[in-house]
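There are 2 protein chains.
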Amino acid sequence: MHVIVVYDVDKKRVVKVHDFLARYLCWRQNSVFEGEIDYRQLEEVKKGLSKLIDSDDSVLIYELSGKFKVHVIGHERNPQENII
Amino acid sequence: MHVIVVYDVDKKRVVKVHDFLARYLCWRQNSVFEGEIDYRQLEEVKKGLSKLIDSDDSVLIYELSGKFKVHVIGHERNPQENII
Chain A
1 MHVIVVYDVD
11 KKRVVKVHDF
21 LARYLCWRQN
31 SVFEGEIDYR
41 QLEEVKKGLS
51 KLIDSDDSVL
61 IYELSGKFKV
71 HVIGHERNPQ
81 ENII
Chain D
1 MHVIVVYDVD
11 KKRVVKVHDF
21 LARYLCWRQN
31 SVFEGEIDYR
41 QLEEVKKGLS
51 KLIDSDDSVL
61 IYELSGKFKV
71 HVIGHERNPQ
81 ENII
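Residue numbers (the UniProt record's numbering), protein chains in the order written: chain A, 1 to 84; chain D, 1 to 84.
Keep in mind that the hints were calculated from the coordinates and are not lab data.
Even glycine gets a Cβ: it sits at the ideal position worked out from N, Cα and C.
It cannot be assumed that every hint is accurate.
Here are some chain A residues the structure puts well away from chain D; computed CB gaps all over 12 Å [said to hold, decoys possible]: (1) V15; (2) D19; (3) R23; (4) E36.
If the Cβ cut is set under 10 Å, some of the chain A residues that face chain D in the computed set are [unchecked claim]: (5) S55; (6) L60; (7) S65; (8) I73.
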């Protein structure tokens, strides 16, 4: 499945969250990762993130089951295939 | 259609982008908006954003055509219905 991960975490934890997500997904722009993972990996990502972040931090993982299209306005930091 | 908008823009423009997107979508967390809009509104959002941002800024608009699920880790800044 395709997922989009967006995170809003304290500066102290940004690098750790970034490095953890980079093991599974592609960096798209600040605080945004995206990519194809399976259900086992999704559970790993969720568990790993919950250990890394603080209760006041916020991470949203969008699990997409259908098609999607990405419209880019401005500069695309890390170009990916935008129509899947 | 459902859209997720994530933006990575210079501090000088964050408030303007935020206020513009708030006219169409729901704020989810820092630099993330989400909601249901139609194609006419999508074009308005794209046009409006391209006037507001600088070429070095980056905005990604995910246009979702299928179902999706949101997994929340940590604190959900602005709770929405997470399974559509």
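ask   = Against chain D, with CB atoms and a cut of 10 Å, does the hint on A:S65 hold up?
value = 5 Å, holds
Agreement of hint A:I73 with chain D interface, Cβ distance less than 10 Å = 4 Å, holds
ask   = Taking C-beta pairs only, is A:D19 more than 12 Å away from all of chain D?
value = 16 Å, holds
request  = Measuring Cβ to Cβ, find out whether A:E36 lies farther than 12 Å from everything in chain D.
outcome  = Answer for A:E36: holds, closest chain D Cβ roughly 15 Å.
Minimum Cβ distance from A:R23 to chain D greater than 12 Å, as the annotation requires = Check passes; 16 Å lies beyond 12 Å.
request  = Would you check whether A:L60 satisfies its interface hint, that is, whether its CB is within less than 10 Å of any CB in chain D?
outcome  = 6 Å, holds
ask   = Any Cβ of chain D at or closer than 12 Å to A:V15, or is the non-interface label fine?
value = Holds: least Cβ distance 17 Å, greater than 12 Å.
key: Supplied contact hint for A:S55, tested at 10 Å Cβ to chain D   = It holds, given that the least Cβ distance between A:S55 and chain D is near 6 Å, below 10 Å.
The structure agrees with every numbered hint stated previously.
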